[in-house]
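Engineer: Since the structure of chain Y is already known, use the hints to place chain G on it.
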Amino acid sequence: MNHRLVGRMVGAGMLAEWRQVLRAPSMLILAIVHALVLMSLVLLFGLTGSRAPVDLVMEDSSRDAQSFQQALAACHHSFALTICDASTAARNLAQARVSAVITIPHGFSACLAQRRPVAIRVDIDNVNADLSEDVRSALPSAIVAFGQARDPAGLTLSLVESDRIGHDTGFIPYLAVSAFALDLLTISAVLAAVAMCRDREARLDRFWERSPVHPGVLLVGRVLASLMLAGLAIMPALGLVLAIGIHPLHPWALAACAALILVCGCSLGVAVGAVIPQSTLAIALILGLSLALYLASGALEPQRFDGEVIWYLAHASPAYPAVALLEATAHGLDITPEPQLLNALSAVGWTLAALLFAVWRFPRRQS
Amino acid sequence: MTDPDRTRLAFQLAGVSVAIAARTILSEVTLSLRTGRILGVLGGNGAGKTTLMQVLSGERSISQGTVRVLGETVPFHERATWRRIGIVPQDTALYDELTVREQLLLFASVYGLARTDAALMAIIDLLGLAPVSSTRADRLSGGMRRRVVIARALLHQPELLLVDEPTLAVDADTRHLIWRHLRSQRDQGRTVVIATNYLEEARAVCDEVVVLRQGRLQRIENLDQLLERSGIILAARCTMAVREQLCQQLRSEQGVVRADPVPDGLELMVGESACADLGRLLSSIATISAWHRRAADLSDLLRFIEQAP
Chain Y
7 MNHRLVGRMV
17 GAGMLAEWRQ
27 VLRAPSMLIL
37 AIVHALVLMS
47 LVLLFGLTGS
57 RAPVDLVMED
67 SSRDAQSFQQ
77 ALAACHHSFA
87 LTICDASTAA
97 RNLAQARVSA
107 VITIPHGFSA
117 CLAQRRPVAI
127 RVDIDNVNAD
137 LSEDVRSALP
147 SAIVAFGQAR
157 DPAGLTLSLV
167 ESDRIGHDTG
177 FIPYLAVSAF
187 ALDLLTISAV
197 LAAVAMCRDR
207 EARLDRFWER
217 SPVHPGVLLV
227 GRVLASLMLA
237 GLAIMPALGL
247 VLAIGIHPLH
257 PWALAACAAL
267 ILVCGCSLGV
277 AVGAVIPQST
287 LAIALILGLS
297 LALYLASGAL
307 EPQRFDGEVI
317 WYLAHASPAY
327 PAVALLEATA
337 HGLDITPEPQ
347 LLNALSAVGW
357 TLAALLFAVW
367 RFPRRQS
Chain G
-18 MTDPDRTRLA
-8 FQLAGVSVAI
2 AARTILSEVT
12 LSLRTGRILG
22 VLGGNGAGKT
32 TLMQVLSGER
42 SISQGTVRVL
52 GETVPFHERA
62 TWRRIGIVPQ
72 DTALYDELTV
82 REQLLLFASV
92 YGLARTDAAL
102 MAIIDLLGLA
112 PVSSTRADRL
122 SGGMRRRVVI
132 ARALLHQPEL
142 LLVDEPTLAV
152 DADTRHLIWR
162 HLRSQRDQGR
172 TVVIATNYLE
182 EARAVCDEVV
192 VLRQGRLQRI
202 ENLDQLLERS
212 GIILAARCTM
222 AVREQLCQQL
232 RSEQGVVRAD
242 PVPDGLELMV
252 GESACADLGR
262 LLSSIATISA
272 WHRRAADLSD
282 LLRFIEQAP
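These protein sequence lines map, in sequence, to chains Y and G.
For the working numbering, add 6 to where a residue sits in the first sequence, where the first one is 1.
Oh and the second sequence: position 263 is 244 in the working numbering, straight run, nothing missing.
These are calculated hints, taken from the structure and not from any lab test.
Every value quoted in this text rests on a predicted model; they were computed, and no experiment measured them.
For every residue, glycine included, the Cβ atom is placed at its ideal position computed from N, Cα and C.
Certain hints may be false.
Unchecked claim - Distance windows between CB atoms, simulated:
{"id": "1", "chain 1": "Y", "residue 1": "Val39", "chain 2": "G", "residue 2": "Asp119", "range": "23 to 29 Å"}
{"id": "2", "chain 1": "G", "residue 1": "Glu234", "chain 2": "Y", "residue 2": "Glu207", "range": "53 to 59 Å"}
{"id": "3", "chain 1": "Y", "residue 1": "Leu295", "chain 2": "G", "residue 2": "Arg164", "range": "52 to 58 Å"}
{"id": "4", "chain 1": "G", "residue 1": "Arg(-11)", "chain 2": "Y", "residue 2": "Arg209", "range": "31 to 37 Å"}
{"id": "5", "chain 1": "Y", "residue 1": "Pro31", "chain 2": "G", "residue 2": "Met102", "range": "27 to 33 Å"}
{"id": "6", "chain 1": "G", "residue 1": "Pro112", "chain 2": "Y", "residue 2": "Ala30", "range": "20 to 26 Å"}
{"id": "7", "chain 1": "G", "residue 1": "Arg(-11)", "chain 2": "Y", "residue 2": "Ala265", "range": "56 to 62 Å"}
{"id": "8", "chain 1": "Y", "residue 1": "Leu295", "chain 2": "G", "residue 2": "Ala153", "range": "52 to 58 Å"}
{"id": "9", "chain 1": "G", "residue 1": "Ala0", "chain 2": "Y", "residue 2": "Glu207", "range": "28 to 34 Å"}
Unchecked claim - Which chain G residues face chain Y? A few, computed with CB under 8 Å, are given here:
{"id": "10", "residue": "Arg60"}
{"id": "11", "residue": "Ile68"}
{"id": "12", "residue": "Asp72"}
{"id": "13", "residue": "Val223"}
Claimed, not checked - According to the in silico footprint, chain Y covers these stretches of chain G (three or more CB under 8 Å from chain Y):
{"id": "14", "region": "35 to 46"}
{"id": "15", "region": "81 to 92"}
In isolation and in its complexed conformation, chain Y is listed as follows (with noise of 0.2 Å):
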C-alpha cells in the first residue's frame, strides 16, 4: 500500500471526524456534561459524608468551651459546626438542616474547675444511621483531644501515630483524582465510538468497503481525532479538580497518565464500536458500564479495604490501573499491591487486547 496514500487518508479521516464533531456537538457536549456530573456526584457524595452538618448551642462562652468547640472542630469526620443560639439550632434539627444539635452547657467551664461532671447534651437526627454513628463516635474523641489539651498529666493513655505515607490526603481530593480518571476513560470511549460508528450511519461504509484503501485507515484518522477532542473535552473536569486545590505531586508524570488513560479509554471505545454499530446504543453501554466499573476499581478507597474476592474482580475493571496511577502521580499514594509499572503496563495491556479485538471483530460487523 502507498504510505502517502495512506498518510493523506489518515490525515482526511481526521480533518473529517474533527469537522463532524464540532459541527454536530451533541456527542461531544454529553461526554463532558457527563464527565462533570459523574465528578459533581462523587464530590457530592463526599462532602455529604464526610461533614457532618451540626449546630453548636454555647451557652457557656468560656476559653474552656471555645476549646471544647475547636476540638470538635478537628476531631476526625468533623463536624461541620455551625455556631447559632437554642430555638434557631432546635428549629433547623425539626427542618432536616442538621444532623445534630451539640449543646456546651452553662456553667461549663466552672465544673471542670470543680473536677464535677459536665453532661454534653446531643439531639441527634437518626434518620441516616451512618451520620448518626459519625456523630457518635466523633464526639468522645474530641472529648479525649479536648481533655488531653486541657490537663495533659490527667490522662495517662495517649496515642502515638505511625504513618504510612508522609502526608494526608483529604477525602475530597482523593476522590477527585479518581472521579477523574473515570472521566478520561468515558470521554475518550464516547467519542471513539461515535467515530467507529460515523460511516454506518451515514450509510457510507460500503463505499469505504469498495476503496482501493482499507476502510480501516480512514478509522484510524477519526479515532486520532476522536483522541484529541477527548483531550480538549477532559479540560472542564481537569479545571473542576485544579479549582477544589489540587496541587498534583508529580505533575508531569500525572500528564503522561492521563495521556495513557485517554489512549486507553479512546481503544475500548473502538472495540465497543467493532461490535455496535449504532452509536447511541454504543454509548449507553459505555456511559451504563462505567460507574459499575469505576465503583469496582478502588476509586473511593484502596480496594482491598473491601476484602480479597472484590479486590481481585476490580480487575477486570480498566478503571483500576487507571485510578491508582493517577492516585500515584497527584497524591503520591500507592492504592493497589502491584507497583505503579505494573499498572501502567495493565492500562497498555488493556489497549492492545481492546485494538486487537477490534481488528477481530470490526470486519464481521461489516458483513
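Structural biologist: The following block gives chain G in isolation, referenced to the frame of chain Y:
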C-alpha cells in the same frame, strides 16, 4: 490477473446465479458488454437489478457461474481494482455535516487526489456543483445530493461506471444533466451500466438494453422497435360493474394486444395502426365516461414481453 484477450470486454457474466436465504435473486444470467458502451438494465422493483450491479462491483458473492470485470476475476484479489470502477448507489448517502467540497475532498483522498487536483475541480464544475460547494449536505436538495453522489463516482475517472437508478426522485433539469453527463462518459471511452425503472431513460441514454424479470435476463435487440410493436396504451374510465365485460368484449377487436381492468376502468394495449379506430369505438361505448392515450411504460413493456410468443 489481467487477460489481454478479454480486455475489450468491460465485463462478462457466465451462468451467474445469486440466491439469498433460499430465494433466487439472479438465475443463470449470461451477459457481456464491450468497453465504451452504455448498457441499460431495465426491470421492476425486486427484479434483481441492484443485485446485478452488486455482482459487477464485487460486493455480492454469487452462488454459481463466473464473473470477470475489466479483465479481473470477481471477487477481486486486490483492492486496487476498485480504482477502476465508479459506483453510484441507489441511495444518496453523504456525510450531513460536511460541505459538498469537503465530502468530495474526503472521497478524493482514497484515490490520492489532492485538494487542487484538476479532476476534482472539473467534476465540481461539470455537474453544476460550484454554487453549492460550500453548502452542507443536509441542506442540499435531493437532486443536488444525487449529483454529489455521481461526482463521487467520477472523481477518479473510472473505466467502468455502475449507476443504480441515476435519476430517482430528481427534477427534469437534473435528469437531463445527468443523462448528458453519462453520455459524455461513454464518449470518452468509458463503459456505463445503468439500472433503471424508466423506459425513457433507457431510450435516452443506453446503447444496449437488457430486461430483468424475476432474476432472469432477456436482451432487447432494439428497444424502439419493441416499443413500436408493443403499441400504445388506451386508458378508459368506466364503472367496476362493466369493466370485466368490456375487457372481454374489446379483447376480440382487431389490433388489441391486451385488455386489462385497472382500478378506475380498463387499459388497452393496441397497435399504432388500430389506435384511431379503437379510439372511435371507445367513444361510442356509453358506459365509458372518458378515455385517453399514453405511451407504454416499463410495466406495459414487461407485460408485452411476457405475453409475446
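Engineer: Work down the list of hints and note, for each, if the structure agrees.
Structural biologist: Hint by hint, here is what the structure shows:
1. In this structure, Y/Val39 and G/Asp119 meet the distance hint of 23 to 29 Å, their C-beta atoms being roughly 24 Å apart.
2. For the pair G/Glu234 and Y/Glu207, the supplied restraint of 53 to 59 Å holds, since their beta-carbon distance comes to about 57 Å.
3. Against the hinted window of 52 to 58 Å, the Cβ-Cβ separation of Y/Leu295 and G/Arg164 comes to about 56 Å, which satisfies the hint.
4. Separated by about 35 Å at the C-beta atoms, G/Arg(-11) and Y/Arg209 satisfy the suggested range of 31 to 37 Å.
5. Between Y/Pro31 and G/Met102, the C-beta spacing of about 31 Å keeps the proposed range 27 to 33 Å intact.
6. Taking the beta carbon of each, G/Pro112 and Y/Ala30 are about 24 Å apart, inside 20 to 26 Å as hinted.
7. The given range of 56 to 62 Å is respected by G/Arg(-11) and Y/Ala265, whose C-beta atoms sit roughly 57 Å from each other.
8. The hinted range of 52 to 58 Å is satisfied by Y/Leu295 and G/Ala153, whose Cβ atoms lie roughly 54 Å apart.
9. Between G/Ala0 and Y/Glu207 the beta carbon distance is about 30 Å. The supplied range of 28 to 34 Å therefore holds.
10. Interface restraint check for G/Arg60: the shortest CB-CB distance to chain Y comes to about 5 Å, inside 8 Å, so the restraint holds.
11. With a cut of 8 Å, the hint placing G/Ile68 at the interface with chain Y holds, because the nearest CB-to-CB distance is about 6 Å.
12. Proximity of G/Asp72 to chain Y holds as hinted, the smallest CB-CB distance being about 6 Å (cut-off 8 Å).
13. Residue-level restraint check for G/Val223 is violated (minimum Cβ-Cβ distance to chain Y is 49 Å; threshold 8 Å).
14. Taking a C-beta to C-beta cut-off of 8 Å, the region 35 to 46 of chain G contributes 3 residues in contact with chain Y, enough for the three needed, and the coverage statement holds.
15. Residue count for the region 81 to 92 of chain G with a Cβ under 8 Å from a Cβ of chain Y: 7. That meets the three needed, and the coverage hint holds.
Hint 13 from the list above is the single one not met by this structure.
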